[in-house]
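Take the given structure of chain A and dock chain B to it, following the hints.
Next come the chains, spelled out residue by residue.
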Amino acid sequence: MRTRAPTSLSPEATALLTGQTRFSRRTVLRGLVAATALAATSCGMPGTRQDPAACRSADESASDKSLVISNWPLYIDVAEDDESVRPTLDAFVAQSGIQVTYQEDVNDNNEFFGKVRNQLSTCQTIDRDIIVLTDWMAARMIRLGWVQPLQKDKLPNVEANLLPSLRGRPWDKNTEYAVPWQTGLAGIAYNGNVTGEVRTMDELLTRPDLKGKVTMLSEMRDTVGLILLQMGHDPSDFTEEQFNEALNKLQRAVDDGQIRRFTGNDYAQDLAKGDIAACVGWSGDVIQLNFEDENIKFVTPESGVMLWSDNMQVPNRATHQTNAEALMNFYYEPEVAAELAAYVNFICPVQGAQDAMAAIDPELAENELIFPSESTLSSAKVFMALNEAQERIFEQGFQQVIGA
Amino acid sequence: MTAFVGTTAAAPGGTAPPPPPPARRRRWLPYLLLLPGGLWLLLFFVVPSVQLAGTSLYDRSGSLELGYSQAFAFGNYGDAIIAYWPHLVRSALYAGIATIICAVLGYPLAYFIAQKSGRWRNLLLVCVIAPFFTTFLVRTLAWKSILSDNGPVTGFFRSLPFFPDDFRLLATPVAVVCGLVYNFLPFMVLPLYATLERLDGRLLEAAGDLYAKPATVFRRVTLPLSMPGVIAGTLLTFIPAAGDYINAELLGTPGEYMIGNVIDSAFLVRLDYPQAAALSFLLMATILVMVFSYIRAAGTDEVV
Numbered sequence: 112m113r114t115r116a117p118t119s120l121s122p123e124a125t126a127l128l129t130g131q132t133r134f135s136r137r138t139v140l141r142g143l144v145a146a147t148a149l150a151a152t153s154c155g156m157p158g159t160r161q162d163p164a165a166c167r168s169a170d171e172s173a174s175d176k177s178l179v180i181s182n183w184p185l186y187i188d189v190a191e192d193d194e195s196v197r198p199t200l201d202a203f204v205a206q207s208g209i210q211v212t213y214q215e216d217v218n219d220n221n222e223f224f225g226k227v228r229n230q231l232s233t234c235q236t237i238d239r240d241i242i243v244l245t246d247w248m249a250a251r252m253i254r255l256g257w258v259q260p261l262q263k264d265k266l267p268n269v270e271a272n273l274l275p276s277l278r279g280r281p282w283d284k285n286t287e288y289a290v291p292w293q294t295g296l297a298g299i300a301y302n303g304n305v306t307g308e309v310r311t312m313d314e315l316l317t318r319p320d321l322k323g324k325v326t327m328l329s330e331m332r333d334t335v336g337l338i339l340l341q342m343g344h345d346p347s348d349f350t351e352e353q354f355n356e357a358l359n360k361l362q363r364a365v366d367d368g369q370i371r372r373f374t375g376n377d378y379a380q381d382l383a384k385g386d387i388a389a390c391v392g393w394s395g396d397v398i399q400l401n402f403e404d405e406n407i408k409f410v411t412p413e414s415g416v417m418l419w420s421d422n423m424q425v426p427n428r429a430t431h432q433t434n435a436e437a438l439m440n441f442y443y444e445p446e447v448a449a450e451l452a453a454y455v456n457f458i459c460p461v462q463g464a465q466d467a468m469a470a471i472d473p474e475l476a477e478n479e480l481i482f483p484s485e486s487t488l489s490s491a492k493v494f495m496a497l498n499e500a501q502e503r504i505f506e507q508g509f510q511q512v513i514g515a
Numbered sequence: 023m024t025a026f027v028g029t030t031a032a033a034p035g036g037t038a039p040p041p042p043p044p045a046r047r048r049r050w051l052p053y054l055l056l057l058p059g060g061l062w063l064l065l066f067f068v069v070p071s072v073q074l075a076g077t078s079l080y081d082r083s084g085s086l087e088l089g090y091s092q093a094f095a096f097g098n099y100g101d102a103i104i105a106y107w108p109h110l111v112r113s114a115l116y117a118g119i120a121t122i123i124c125a126v127l128g129y130p131l132a133y134f135i136a137q138k139s140g141r142w143r144n145l146l147l148v149c150v151i152a153p154f155f156t157t158f159l160v161r162t163l164a165w166k167s168i169l170s171d172n173g174p175v176t177g178f179f180r181s182l183p184f185f186p187d188d189f190r191l192l193a194t195p196v197a198v199v200c201g202l203v204y205n206f207l208p209f210m211v212l213p214l215y216a217t218l219e220r221l222d223g224r225l226l227e228a229a230g231d232l233y234a235k236p237a238t239v240f241r242r243v244t245l246p247l248s249m250p251g252v253i254a255g256t257l258l259t260f261i262p263a264a265g266d267y268i269n270a271e272l273l274g275t276p277g278e279y280m281i282g283n284v285i286d287s288a289f290l291v292r293l294d295y296p297q298a299a300a301l302s303f304l305l306m307a308t309i310l311v312m313v314f315s316y317i318r319a320a321g322t323d324e325v326v
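Quick note, the sequences are listed as chains A and B, same order.
Under the numbering used here, the residue at position 5 of the first sequence is numbered 116, and the numbers go up by one with no gaps.
Under the numbering used here, the residue at position 267 of the second sequence is numbered 289, and the numbers go up by one with no gaps.
So here's chain B without its partners, still in its complex pose:
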């Protein structure tokens, strides 16, 4: 069984080695093709990143009016961590919870669309993507109406025992996580769908023939085969969710603000560019560390 799984999983990636390049000039072709993408990355990622790194080390006693001098003040990072570690932790926590909920909601949905929906498949896929036709902001504002204090959802909870009469959903961590889940759910569903759609039904039949119970089939066959989708989905959900600040701003209170809110305020309101840049890098570093340890733990080579 295991060997069988291994071969199928490797099949999409494994192609025959290309024939040796016939002519000399062909050697440059791949580089030429890489050029537009490379230039794009250089211009809009590498250059700003280097600049941002420089900014994060400015002497913080400078100002917009008087300018900043480069002091290689690595202490900026320490200051930023001391001042805003709760926001960093909160970002990781909210994004983590949202990612788990997305996975729990998204997996059955993707499985159903990929395997059971038949001729409704395309329609259902459009439904998953449809929210993207409106802007992020409008979608989040819609949640303000849904969770409104006088709305039906809150009303339902208030009518239950054990919930106080002034119970509310809006402006709580629950609302922020709900917003994150909703806004990033398609990023989870689509990669999952892509892997589950290629799932070979005959494998499941074979497992059944070998007297595996449905739960066992899922645990031993379906889940392992769909791991690349799970991992791609969690990364695509977690990374933008951790940096998001719109949900916290519109659905939360100051007590729910995430690191994105702080960076926004440092760049635009407080005009503390060194700290804003330092926080941006800290966020990047935090995400990188978490993602790498996650990939390590998940032990997969197929994603990256």
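Bound conformation, chain A alone:
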């Protein structure tokens, strides 16, 4: 039996019980907005790993003779009088009949990753058939399943001519997903106008006359790899303890004010101007500086150097994989590779190109930093393949040291 609400209730409660509550439009609106916001925030983010076998598109190479490639700026030969003419690429177009759209839109691995992340993580096309990324990012792409395995039978030149030290890299053991475009060394560079010779990482990290005049690369693998080598560890196979040991050493140098900055490509100008006396740098950049000022020198420390590559990969949902492979194969012709190397001055990953180079420019063919000797190459290390958890721990620790 229903009774009336007791009179002791507050007016609001009475109103509620008797159904007399009246919300103003504003209250309703506020509630709606809050509810939408809550709903929007309450879902998480799904994982982004893909299966390359499932996430692929039909290959239209046969019917559509075209190809889109994304590469780093200043990474291909251009004609002396006209920068828009790319001789080796034109030769490929003439030979194969494949029209190539060549984009120079990779400026930074992390930035490029940010650019394509949303599409690749949801299995959508990024409208490119080849992307060129540095080892560790290429490794991450493989780990995430965002790139397609290559068809070995379409790459006979790669099979035959890839430098031995670039085979069986820890993160792509069978050269199944990535083909090096260019390779380089990370080592020490110094400006002889400002300082005497610098031979070892220990000198960089502690020599008093270099205080505040040293930069290192913000690329964790190169900087930490060199320190690991100096400490007698192997960067292609190390423990977390050894990594932390190396990091502590770096932290001390930062705390002492020995290290001025951690840089990307921009160390080159600072080194040339003499604002920094010595640094960890990349061989190709230093050759260029050396052409302009012979006192700027690249040193491969006795403890060893780091070897890195920028790699061609075919992203998921690319529609011209066979065309892409034709281009990879073309650039592994020794003559083509030599022509390219004569312009970009990084280490040429193609065996036999040195002989071909002798015909173009005998002096470059003798250059240790384009065609390193067996002994240099055998002391060069490729950084260990990291899984996601390791990558995060190491990168976190390193970022902490470099200030961010």
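Simulated from the structure, these hints should not be mistaken for lab results.
One thing to keep in mind: the hints can contain errors.
Claimed, not checked - In the EDC-like style, the derived pairs of lysine to aspartate or glutamate whose C-alpha atoms are separated by at most 20 Å in a straight line are:
#	chain 1	residue 1	chain 2	residue 2
1	A	K263	A	D320
2	A	K322	A	E308
3	A	K322	A	D366
4	A	K322	A	D367
5	A	K322	B	E219
6	A	K384	B	D188
7	B	K138	B	E227
8	B	K138	B	E87
9	A	K284	A	E270
10	A	K384	A	D320
11	A	K384	B	D187
12	A	K226	B	E87
13	A	K322	B	D286
14	A	K408	A	D367
15	A	K226	A	D216
16	B	K235	B	D222
17	A	K226	B	D286
18	A	K384	A	E308
19	A	K384	A	D404
20	B	K166	A	D162
21	A	K408	A	D396
As the list claims (entries may be wrong) - Distance windows between CB atoms, simulated:
#	chain 1	residue 1	chain 2	residue 2	range
22	B	A320	A	R228	37 to 45 Å
23	A	E222	B	V175	26 to 34 Å
24	A	S153	B	R180	58 to 66 Å
Unchecked claim - Negatives, chain B to chain A, calculated, CB over 12 Å:
#	residue
25	Y80
26	G84
27	G100
28	V111
29	P153
30	L293
Remember, it's a predicted structure, so these values are computed and weren't measured experimentally.
Where is the CB? At the ideal position from N, CA and C, for every residue including glycine.
For chain B alone, kept in the frame of chain A given last:
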């Protein structure tokens, strides 16, 4: 005097009330006009902000590869503060110093352009804006050359007594603040110019007639009348300067990194999205608190 100031200051804002809307459909017109701007804000500010707020509360043990679950982990904010409070403090400090220097440099400049420059006025204004014709990055890189260790500026200081021979400007807090001042100076000058340009010269004459010394005229008449410009200028300078990371990255060392550098690294390098989002909100909150307390203290209704 005070009453007089009050009326002039209010004049630009005070207009006669609009006549009552004649027809019903006209009531919707203002909303219609607001629609494009509103949609823009909704799409590019509200939606990303809500998403960012959601991201900042993800469970940090997730990852890009495996995904993140929504755990409403408010602890992310605590973790971020504990780990990066020095960067937050440093950002506020550098931006604050840069803003003060901008005001000290910008006020006389704006005053001169507005009141004394005569026919050179437009040319001088173009000069203030001219640096914007090149990109931010190039302008900052230019400062690397100016403050270079082997450049004339550093050379001058080294030749002075009390400065050691290895004295340097580049890669110090001084360089970062210099970069901030330079890059944001026009944001200070332009609002100041806009208010000082409308300054009624007759008021200054009247103050003189009443035997006020020039300093007094400035303190009692010019400065109060230009307060809206000062406040708008400081806000326009402080807010972007606090979030800037280019100056610290190019002109500083790891010891000068600001909160923007950390957010950049968390989003792009470390891929720690929850922490990056939490830091973004912390930065926003810090700026809001500082700005509101500033407006409160300045006691002005004319700006906002």
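Status of each hint after checking the structure:
Of the pairs offered as hints, the one joining K263 of chain A and D320 of chain A is violated, with about 53 Å between alpha carbons and a cut-off of 20 Å exceeded. Annotation: proposed proximity of K322 of chain A to E308 of chain A holds, straight-line Cα distance about 15 Å (limit 20 Å). In summary, the hint linking K322 of chain A to D366 of chain A is supported, as the alpha carbons are separated by about 11 Å, within the 20 Å threshold. Taking the CA atoms of K322 of chain A and D367 of chain A, the gap is about 8 Å. The hint holds against a cut of 20 Å.
Proposed proximity of K322 of chain A and E219 of chain B is contradicted: the alpha carbons are some 51 Å apart, above 20 Å. In summary, the hint linking K384 of chain A to D188 of chain B is supported, as the alpha carbons are separated by about 16 Å, within the 20 Å threshold. Between the alpha carbons of K138 of chain B and E227 of chain B the distance comes to roughly 15 Å, so the proposed pair stays at or under 20 Å and holds. At most 20 Å may separate the alpha-carbon atoms for a hinted pair to count; K138 of chain B and E87 of chain B exceed this at roughly 63 Å.
Between K284 of chain A and E270 of chain A, the direct Cα distance comes to roughly 13 Å. Compliance with the 20 Å bound is thereby established for this hinted pair. Annotation: proposed proximity of K384 of chain A to D320 of chain A holds, straight-line Cα distance about 17 Å (limit 20 Å). Restraint check for K384 of chain A and D187 of chain B: satisfied, since their Cα atoms lie roughly 18 Å apart, inside the 20 Å limit. Between K226 of chain A and E87 of chain B, the direct Cα distance comes to roughly 17 Å. Compliance with the 20 Å bound is thereby established for this hinted pair.
The hinted pair formed by K322 of chain A and D286 of chain B fails the criterion: a straight-line CA distance of about 28 Å is larger than 20 Å. For a cut-off of 20 Å, the pair hint linking K408 of chain A to D367 of chain A is broken: about 26 Å separates their Cα positions. Between K226 of chain A and D216 of chain A the alpha-carbon distance is near 10 Å, which keeps this suggested pair within the 20 Å criterion. The straight-line distance between the Cα atoms of K235 of chain B and D222 of chain B is roughly 18 Å, inside the 20 Å bound, and the hint therefore holds.
Distance hint between K226 of chain A and D286 of chain B is fulfilled; the C-alpha atoms sit about 14 Å from each other, no more than 20 Å. Taking the CA atoms of K384 of chain A and E308 of chain A, the gap is near 17 Å; set against the 20 Å cutoff, the hint holds. Using a Cα cut-off of 20 Å, the hinted pair K384 of chain A and D404 of chain A holds, with the two alpha carbons roughly 11 Å apart. Of the supplied pair hints, the one linking K166 of chain B and D162 of chain A is violated, its CA atoms being roughly 47 Å apart against a limit of 20 Å.
Between K408 of chain A and D396 of chain A the CA atoms are separated by roughly 11 Å; this keeps the pair inside 20 Å, and the hint holds. Between A320 of chain B and R228 of chain A, the C-beta spacing of about 43 Å keeps the proposed range 37 to 45 Å intact. The supplied range of 26 to 34 Å is met by E222 of chain A and V175 of chain B, whose beta-carbon atoms lie about 32 Å from each other. With their beta carbons about 60 Å apart, S153 of chain A and R180 of chain B fall inside the hinted range of 58 to 66 Å.
For Y80 of chain B, the shortest C-beta to C-beta distance to chain A comes to about 6 Å, within the 12 Å cut-off, and the non-interface label is violated. The claim that G84 of chain B is not at the interface with chain A is violated, since a C-beta of that chain comes within 12 Å of its own (minimum 7 Å). The beta carbon of G100 of chain B is kept farther than 12 Å from every beta carbon of chain A, the shortest such distance being approximately 18 Å. No beta-carbon of chain A is positioned within 12 Å of the beta-carbon of V111 of chain B; the least distance is around 15 Å.
With a closest Cβ-Cβ approach of about 21 Å to chain A, P153 of chain B is found to remain outside the 12 Å limit, as its non-interface label requires. With a least CB separation of 7 Å from chain A, L293 of chain B falls inside the 12 Å interface cut-off, contrary to its annotation.
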